[in-house]
Every structure is written in structure tokens, then in C-alpha cells.
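*Asks:* Sequence:
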Amino acid sequence: MAPRTAPGPRGQRGGGPRGASPARGTSPARGGPGQRGASPARGGPGPRGGGGRGGPPRGTGAAGSAPPGAVVTPAGHVSAVGVKRPGHGTAGRPIDLQVNCFPVDAPNITIYQYDAIDPDRLPARVNMEIMRQVEQDNPQIFTRSMAYDGRKIAYSAIDLPLGGTSRTFEVSLAPKNGGTAPKPGGRPPRVYRVKLTQAAMINTDVLHRYIAGQQSLDTAISTALAAYNTIIRMEPNIRYPFNVRSFFTPEGARQIGGGIELWRGFFQSIRPGPGRLFLNLDIATCMMYRPGSLVELCLDFFGRMDLARGNYAQYLSPNGMSERDRLRLQKFLANLRVTVPATTRDKKRPIRRLSDRPASNITFEYQGQNITVARYFQLTGNQIRFPQMFCVELGTGGALVPLELCQVPPGQIMRKQLPSDKTKDMVAFSTQRPHERFQSIRNGAQQLQYGQSSYIRDFGMAINTADGPLSLQARVLPTPQLQYGSGSKEPTVVPRDGKWNMADKKLVSPVAINHWLIVSFDSRRFRDQAQQDLVRNLVGGFRSTGITMNDTNSLIKNANPQGDIVALLRQAGQESYKTKKSPPQLIVVVLPDIGNAEIYTAVKHFGDVAQGVATQCLKASKCVGANIQYWANVALKANVKLGGINCTPSQRAVPLLSDPKNPAIIMGADVMHPAPGAENRPSFTAVVGSVDSMASKYIATSSLQVGRQELIDDLQTMTKEILQQHIAYRSAKEGAQNPAPRRLIFFRDGVSEGQFGQVLEQELPLIKELPLIKAACLELNIRPAITLLVVVKRHHIRMNPLGNAGDRSGNCPAGTIIDKGITSPVEFDWYLQSHGGLLGTSRPAHYEVLYDDSHLGADAIQGLSFTLCHVYARATRSVSIPAPVYYADIVCARGKHHFEPGFAVNLSDTVSQAASVDAFRDAYRPIHPNQKRMMFFS
1 MAPRTAPGPR
11 GQRGGGPRGA
21 SPARGTSPAR
31 GGPGQRGASP
41 ARGGPGPRGG
51 GGRGGPPRGT
61 GAAGSAPPGA
71 VVTPAGHVSA
81 VGVKRPGHGT
91 AGRPIDLQVN
101 CFPVDAPNIT
111 IYQYDAIDPD
121 RLPARVNMEI
131 MRQVEQDNPQ
141 IFTRSMAYDG
151 RKIAYSAIDL
161 PLGGTSRTFE
171 VSLAPKNGGT
181 APKPGGRPPR
191 VYRVKLTQAA
201 MINTDVLHRY
211 IAGQQSLDTA
221 ISTALAAYNT
231 IIRMEPNIRY
241 PFNVRSFFTP
251 EGARQIGGGI
261 ELWRGFFQSI
271 RPGPGRLFLN
281 LDIATCMMYR
291 PGSLVELCLD
301 FFGRMDLARG
311 NYAQYLSPNG
321 MSERDRLRLQ
331 KFLANLRVTV
341 PATTRDKKRP
351 IRRLSDRPAS
361 NITFEYQGQN
371 ITVARYFQLT
381 GNQIRFPQMF
391 CVELGTGGAL
401 VPLELCQVPP
411 GQIMRKQLPS
421 DKTKDMVAFS
431 TQRPHERFQS
441 IRNGAQQLQY
451 GQSSYIRDFG
461 MAINTADGPL
471 SLQARVLPTP
481 QLQYGSGSKE
491 PTVVPRDGKW
501 NMADKKLVSP
511 VAINHWLIVS
521 FDSRRFRDQA
531 QQDLVRNLVG
541 GFRSTGITMN
551 DTNSLIKNAN
561 PQGDIVALLR
571 QAGQESYKTK
581 KSPPQLIVVV
591 LPDIGNAEIY
601 TAVKHFGDVA
611 QGVATQCLKA
621 SKCVGANIQY
631 WANVALKANV
641 KLGGINCTPS
651 QRAVPLLSDP
661 KNPAIIMGAD
671 VMHPAPGAEN
681 RPSFTAVVGS
691 VDSMASKYIA
701 TSSLQVGRQE
711 LIDDLQTMTK
721 EILQQHIAYR
731 SAKEGAQNPA
741 PRRLIFFRDG
751 VSEGQFGQVL
761 EQELPLIKEL
771 PLIKAACLEL
781 NIRPAITLLV
791 VVKRHHIRMN
801 PLGNAGDRSG
811 NCPAGTIIDK
821 GITSPVEFDW
831 YLQSHGGLLG
841 TSRPAHYEVL
851 YDDSHLGADA
861 IQGLSFTLCH
871 VYARATRSVS
881 IPAPVYYADI
891 VCARGKHHFE
901 PGFAVNLSDT
911 VSQAASVDAF
921 RDAYRPIHPN
931 QKRMMFFS
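If you're matching positions, the sequence shown starts at 1 in the numbering used here and goes up one per residue.
Bear in mind the hints are in silico, worked out from the structure with no lab data behind them. Worth double-checking, as some hints may not be accurate.
Here are the in silico distance ranges between beta carbons for each label pair [claimed, not checked]:
{"#": "1", "residue 1": "921", "residue 2": "803", "range": "54 to 64 Å"}
{"#": "2", "residue 1": "322", "residue 2": "139", "range": "21 to 31 Å"}
{"#": "3", "residue 1": "168", "residue 2": "314", "range": "47 to 57 Å"}
{"#": "4", "residue 1": "778", "residue 2": "195", "range": "52 to 62 Å"}
{"#": "5", "residue 1": "452", "residue 2": "168", "range": "25 to 35 Å"}
For clarity, every value in this text was computed on a predicted model and none was experimentally measured. We put the beta carbon where it would ideally sit given N, CA and C, even for glycine.
Construct the entire structure; sequences and hints are all you get.
*Replies:* Shown next, in the form of C-alpha cells:
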């Protein structure tokens with residue numbers, strides 16, 4: 001049979017835009033013809049309009065009336081998912097700011113939830129077109145707009161007259177040319193069957209009780225919020241490309257190469273706060289596939305647009321492309337939807353694979369004879385100019401179509417990991433200073449015209465964007481003092497704007513380096529004089545921090561970056577050993593600026609896993625002619641890798657750490673999941689913990705487990721190992737008589753925030769890790785009071801300082817904290833921007849206390865969290881999350897270093913996940929014993 005290219009089109013949404021159909025505008029309950037979303041009786045575009053004629057009643061319990069900064073005291077009978085808020089913090093000075101939130105009014109009504117059952121797994125956008133066609137074909141049933149998530153759930157403000165609890169509808173989508181009848185001899189329009197079944201009645205009163213502090217969080221509240229979020233997203237989702245919580249527009253799109261086009265858009269989420277609901281509206285950015293010719297997309301992917309008017313046919317053929325590159329391209333194109341205009345069919349079909357043979361060499365049986373794909377298209381009137389090029393296989397039927405016949409429609413979201421070489425482009429495209437970002441948010445709120453949305457109005461909701469983003473009074477926490485070593489001109493430092501420098505400062509516990517060597521993989525930059533300059537500058541910079549450099553005549557070895565990296569490092573170490581009669585403590589590795597990722601991975605595997613020696617990598621362009629401040633910063637990393645301590649928080653600044661009766665251990669944990677599309681890869685886990693009494697020196701342990709599982713399987717064993725090392729260190733190094741901790745404060749890196757329902761879906765499982773932590777303590781016969789916090793960085797709350805309250809970057813000062821107004825009505829949580837601004841708008845971290853039998857007050861635990869953001873050993877800046885969480889994230893990211901270089905990570909997608917994880921686990925190598933007590937991850 002002939003290769004299938006594309007069946008007839010499904011067509012576009014029937015009828016005109018929502019609100020323009022006469023069939024849907026004649027019902028008196030809807031305000032008369034042509035008045036959907038415009039009738040003053042419906043409340044108008046104003047922020048607080050009533051339900052209007054035919055609309056749902058506003059009710060007496062409408063949420064959204066609490067003033068900014070309102071405080072809600074949860075009732076005694078109300079329980080929290082984690083810890084109920086014990087009170088609000090008072091430390092620090094006040095600051096006035098804006099947050100990217102807008103108040104929402106919503107009535108006490110019943111929302112009717114329906115299961116939408118369609119037998120086909122269609123794209124969400126197609127499902128939405130089908131559902132809208134169902135509504136337009138049945139105006140007597142759907143007298144008000146129905147909100148639909150594009151998958152399985154629909155919401156209505158009225159009890160739909162289905163003639164029972166369910167009803168099946170049959171609809172066809174009109175072809176793209178606007179006609180309703182098939183072309184002569186063509187296929188009839190496809191018929192879709194949609195079954196709507198009433199699944200639940202959502203009483204929004206529970207949500208209003210929750211924000212008033214009169215109701216515990218449960219699934220009913222999460223369900224109501226999910227309904228509201230579906231409602232507000234309907235209008236933009238039917239117009240623009242969207243993902244779960246954001247939509248994107250083509251205005252200002254930018255092509256950055258690699259087949260990628262960047263689009264801007266908006267994130268929207270309804271969230272509960274104390275006494276009110278609010279809309280969190282933020283700027284969003286996403287990657288799209290470059291639209292146009294599929295051939296040009298392929299060329300752009302490889303950075304070869306120079307061939308677009310030249311000999312690209314040879315390049316995109318088996319003779320011009322390696323098998324490795326063909327597989328890379330196939331992975332990039334997987335599930336991209338294309339059209340084949342030459343067949344007069346504009347249906348979008350997904351790419352399944354890239355052929356390994358050209359169109360001129362793939363044969364099939366057609367009308368009783370074998371012909372090639374190229375010949376088939378010529379016979380059907382489609383001239384193929386370049387039969388030597390690859391084909392793509394489309395859809396489930398396996399149709400093979402030459403590349404040159406395919407077009408890429410615009411607006412297709414690329415659900416893949418951003419290539420590392422495009423990070424700068426993404427940052428440049430998405431970076432905006434706070435005032436710019438908030439102006440974009442204001443503009444977006446006006447463009448969205450929430451007051452004109454028939455969906456929002458039919459559910460009686462109103463969003464007040466006229467007054468601009470919410471204004472709140474927050475606090476700026478006192479900056480902790482930091483202690484440096486003896487010999488410092490300024491041993492006690494108070495950071496300013498979240499930063500300080502190493503000028504005239506000595507480290508608290510500097511190491512002595514007696515034997516080190518340099519291996520350079522960039523011999524072009526580092527010839528004799530440059531090598532001597534590097535040694536002299538490094539020694540001078542290290543000595544300026546107090547590090548003792550007894551070896552000023554180190555071996556310098558040039559190495560081939562294309563060679564066996566591990567073998568070259570081992571050879572250099574052996575050569576140096578023969579000269580010095582001792583193994584090197586530190587290997588400094590100079591990396592080339594381009595193509596250094598594989599070298600870096602091999603270096604870290606050699607040092608941290610195979611050999612047990614500290615390694616310090618430097619980028620060639622950075623260290624040529626670098627000043628003493630650069631080398632002092634390198635010294636910060638090297639010192640802690642070799643067992644030293646850079647600085648500590650002053651004891652007076654952190655009473656929680658310096659209390660001799662209640663010594664504390666600080667721990668952090670994280671899980672890093674595989675990239676999107678990597679289904680058979682493991683997740684890496686890490687636990688780090690402090691070993692000293694001032695939480696400045698850390699050790700780490702790591703593991704791997706089944707991919708995308710958030711709970712840490714080996715948490716008990718990992719926690720026990722950290723506790724043992726903490727007790728041993730405090731006994732041996734600090735001379736503690738009772739070295740066991742009396743307090744264990746555990747910071748858990750949280751998952752991306754997304755919907756508010758994740759509190760139940762994600763944080764409750766994290767609380768289940770608590771027994772594993774307790775069990776580890778019991779194994780060691782210790783019973784510390786435990787405080788468990790989750791820290792989330794990936795969310796969409798942003799701050800904009802008012803007046804002259806910002807720092808030089810225009811951001812809020814380091815230490816700005818919000819624990820009122822937009823926080824949970826019940827849970828013990830806050831937003832803390834702990835770092836000074838650099839580029840763009842700083843993102844605060846969101847903290848929530850999930851368990852606390854130390855009964856720490858708000859000021860104590862908030863102050864500790866801020867202080868721990870200042871002990872990140874690599875930097876002389878406060879960082880955005882507490883150091884132990886930051887370290888855990890780094891250790892997870894280095895999971896790949898535990899495998900031999902060249903380990904076959906590209907396992908077949910047909911391998912089961914369990915078998916895949918077993919293969920990774922067998923190949924996983926632990927950290928070398930020499931490094932287990934060191935901060936190798938710094």
C-alpha cells in the first residue's frame with residue numbers, strides 16, 4: 001500500500017469566537033444577543049461586579065474582602081498539613097513593597113464537576129475545540145460557559161440538564177477552509193463521541209472557611225481551587241499555545257538557534273491567603289520549535305543555516321550525517337507536529353522517528369509493484385527535488401514523508417530540557433528588573449481583560465486589576481554578623497546588600513598545601529610565561545586568605561583534551577609523586593572554554609570517586625591575567641575541599657546555634673529527577689549535614705533511585721551516616737563532652753510549586769520521611785528535637801520595592817521577608833529573599849515548617865534560615881536558599897560523576913524503568929573514602 005501521509009483535516013473550531021454565536025446569545029438568562037461579557041447587569045468589567053441577571057448569586061460569603069496584610073488566626077479546631085502558624089515574626093525593620101498578586105472575589109456557589117470521556121488521546125487543544133463544538137451544537141443545555149481543562153474534567157456553574165447523570169454527544173469539527181461538507185470524493189468529517197458524566201458538586205463555602213481560618217486544608221479545598229484555576233485559564237487557552245498553568249503569545253518572539261524560538265507569556269494561579277483569594281500573575285517564558293520549513297528547522301538545530309541556500313540535501317542525508325547526529329536530531333524532532341501542504345491536507349501529525357535511509361532507498365508495495373517513497377510522491381504529483389534526504393515517520397500509521405515536504409506550524413511548545421549552550425540566550429530574553437517586570441504584569445492584566453471573560457463572569461468571579469498589584473508591608477531581617485580568622489583587619493563582618501569581600505581577611509581555619517600540581521587542557525593559552533604567571537598568582541591569592549602554600553614549584557602538565565582524561569590525570573599524579581615523594585593534595589585543572597563538559601565530568605569522577613584527591617577546575621579565559629580577588633575566591637573553594645573552614649556566623653548573631661545546652665545539627669536534602677523525556681533514567685538523591693557546632697562545615701552522602709519518585713528511599717541510612725560523622729567530628733575536633741545533637745533542623749528542597757493542591761500531593765509525602773529521620777536517630781540512641789522545613793525556589797511570587805527601598809539593582813534588600821497577606825491562612829510559612837539583586841528580578845524562596853517539636857518561634861527559625869544563606873562556602877554573597885539545601889542540590893547534580901566516563905547512559909527506551917535503574921545502580925560508584933569527610937562538592 002502507499003505510504004500514508006495525512007488523512008483529512010479535523011478542522012478548526014466551529015462558528016465564530018465565544019460570545020458571537022447567535023445561537024448562544026438569544027437566551028434571556030444570558031443577557032440577550034451579542035451581550036456575552038458586556039452586559040452591565042453582569043457586573044461590567046469592574047473588579048467587584050455582581051453576578052447580574054442570569055448569573056450565579058454573589059452570596060454573602062464572597063472571598064476577597066480582607067485588606068492587604070490581613071492577619072487570620074486559625075481556629076482552635078483547625079489542623080494544619082504541617083505546623084499551624086504559631087505567630088508572626090517581629091524582627092527587623094518595615095519595608096513597603098508590591099507583590100505580583102491581585103485580589104479575587106468569588107461567591108459561595110456550587111460548581112458542578114463533570115468527567116469528560118473521549119476514547120482518543122488527543123492533544124488538549126483539539127479536545128478543547130471538540131468540547132466547544134459540543135457546547136455550540138447544544139445551546140439549550142449549555143446556557144452558560146463551561147470551563148474545561150483539555151483532558152478529563154469540565155466545570156459548570158449550573159446543573160446541566162443532561163436528562164440523567166450522563167449524556168453522550170456526537171460532533172464533527174469543521175474543516176479549516178470553513179466549510180462543513182466534505183469535498184467531493186473526500187473523506188467525511190470525523191465524528192467525535194464525548195460523554196459527560198456528573199462527577200461531583202463542589203461547595204466553594206469550604207474554601208471561604210479555609211481562608212478565614214475556620215477550616216483545615218483538605219481535598220475539597222484543592223478541588224475548588226482547581227476549578228477556579230481552570231475557569232480563569234479558559235479564555236487565553238483557547239486563543240494561545242499553553243501548558244498546564246501558562247499561556248504564550250508570539251509578540252516579541254526571538255529565534256536563538258538550535259531550532260528554538262523563545263516566546264513570552266503569563267503564568268496564572270488562584271491562591272488562598274489570609275482572609276482572601278488572590279491571583280498570582282507572572283511573566284513566563286517557554287521554548288517553541290522554530291516554525292516554517294522542516295528542513296530549515298533541522299539545519300538550525302545543527303547551527304548550519306549557512307547551508308539553507310546551498311548543499312543542505314547532502315548534509316541531511318545518511319551520507320552526510322553520522323548516526324550519532326541522526327539520533328540527536330530524531331530525539332529533537334520526536335512528537336513535533338508537522339503538516340504536509342503538498343498533499344493538500346493541513347492536518348498536524350506528530351513525528352515518530354527519522355528514517356535511517358533516504359527517500360530514494362525506502363521501498364514498499366504500491367499497486368502490485370515495489371516502488372520507492374520518492375517515486376510514489378512523484379507519481380502522486382509531488383515532485384521530490386532531493387530524494388537523497390531523510391524521511392520522517394508520521395503518526396500511528398507509520399507514513400513516511402520526505403523532509404522537504406513538511407512544514408512546522410508555529411506555536412508548538414518544546415517540552416525538552418534547555419540546551420546548556422542556550423542558557424545565556426534564555427536569561428537575556430527573560431530578564432527584567434522589578435519595575436519592568438511589574439509593568440509587564442500590569443500590561444498583561446489589562447490585556448487579559450478578566451472582567452470581559454464570559455467564563456469568569458458566568459461563575460460569578462471578579463478579579464480586581466484596576467488598582468494594580470497588591471501593596472504590602474514586609475520586614476527586612478537583621479543581617480547576621482560573620483566571623484573571619486585571626487590576622488584579619490576586620491574579623492567581624494556585617495554584609496551589605498547581601499555581599500562582602502575578602503580584602504584583608506583571613507579564613508577561620510585555613511589549610512596548608514604541601515603538594516599540588518596543574519594539568520592544563522588548553523596549551524594554546526598557557527605557554528611557559530602564562531604557566532608561571534598562573535602559579536605565582538594562585539600562590540599569592542591563596543596566601544592572602546591565610547592558606548599556607550609550602551609548594552611554590554608545582555608540576556605543570558599539558559594534556560590533550562581529546563585524550564583519555566582519567567589516564568592523563570593519573571599519569572600526571574604519578575609523575576608528581578615521583579618528584580615530591582607524596583601524593584598531591586590538590587590538582588588544579590585548566591579547562592578549555594569550549595567543549596569542556598566531558599572533561600569536567602571525567603576530572604570529577606577521577607578526583608571524587610576513583611582516586612580520592614581534591615580537584616579544582618578553572619576555565620582558561622577566566623584565569624588568564626586574573627586579579628588577586630579572583631584567586632582569593634578560588635581559595636574559598638579549595639580550602640573547604642581540603643578540610644578547612646572559611647567563615648562562621650558569629651555566636652551572638654545566631655542564638656539557636658550557639659546554645660550550649662541544645663547543640664544543633666543542620667541538614668539539607670534534595671532529589672533531582674531526569675530531564676523531560678528521559679523516562680528510564682534514575683533520580684539522584686543527596687543528604688548533607690553540618691559536622692561543626694556553627695553549621696559552617698558540611699559533609700554529604702548520595703544515592704540513586706527510581707526516576708521521578710520524590711521520597712528518598714535511603715533517607716534513614718543517609719541520615720544515620722551524617723549523624724555519625726557529626727558526633728565523631730564534634731568529639732574529636734571540638735572536644736565536646738556530649739557531642740550528640742539535641743536539635744535536628746532539616747531543610748528539604750521542595751518540588752515546583754504549581755497548583756496549591758501540591759501541599760497535599762507533595763508535602764504530605766515529605767512528612768512521611770519524618771519517621772525515617774527519627775529511626776536513624778534511634779539507631780544511634782539519640783532523641784533530638786526535630787524541625788522539618790520544606791524550601792521551594794520554583795514558584796511565581798515576586799517583590800517590587802516601593803519608593804527608594806530597593807537596592808542598586810532595583811530589588812528588595814537581602815533579608816526581605818513576607819509572612820502575612822499572601823501566605824497560608826493556616827500553615828507556618830513565609831517568603832524570604834535572602835540574597836542581593838544582580839540581574840533581573842530576584843526570586844524569594846518559600847519556606848514552610850512541616851514539623852517542629854522544638855517549638856521554635858517565627859523569629860528564631862526565620863533568622864536561622866537567613867543566617868544559613870550566608871555560610872555558602874564558595875561565595876562572599878548571601879545565596880537564595882540555605883547553604884545545606886544548596887549543597888544538596890549540587891551533590892544531586894553531580895550524580896553523573898559517579899559513573900565511569902563513557903558509561904552508556906543512553907539506554908534503549910524499550911528497557912523497563914526497573915531494569916534501567918538496576919543498570920545504573922550497578923554502575924554507580926560511591927565517593928572515595930578520602931573525600932567522604934570533605935566538602936568535595938564546593
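*Asks:* Are residue 921 and residue 803 spaced within 54 to 64 Å by their CB atoms?
*Replies:* At roughly 56 Å between Cβ atoms, residue 803 and residue 921 fall inside 54 to 64 Å, so the hint holds.
*Asks:* Should the hint that residue 168 and residue 314 are 47 to 57 Å apart at their CB atoms be regarded as holding?
*Replies:* Cβ of residue 168 to Cβ of residue 314: about 54 Å, so the range 47 to 57 Å holds.
*Asks:* Starting from the hint 21 to 31 Å, judge whether the C-beta atoms of residue 322 and residue 139 obey it.
*Replies:* violated, 58 Å
*Asks:* Regarding residue 452 and residue 168, is the given constraint of 25 to 35 Å on their beta-carbon distance met?
*Replies:* holds, 33 Å
*Asks:* Against the range 52 to 62 Å, how does the distance between the Cβ atoms of residue 778 and residue 195 compare: consistent or not?
*Replies:* Hint holds: Cβ distance 53 Å, inside 52 to 62 Å.
Consistency note: the structure conflicts with earlier hint 2 alone.
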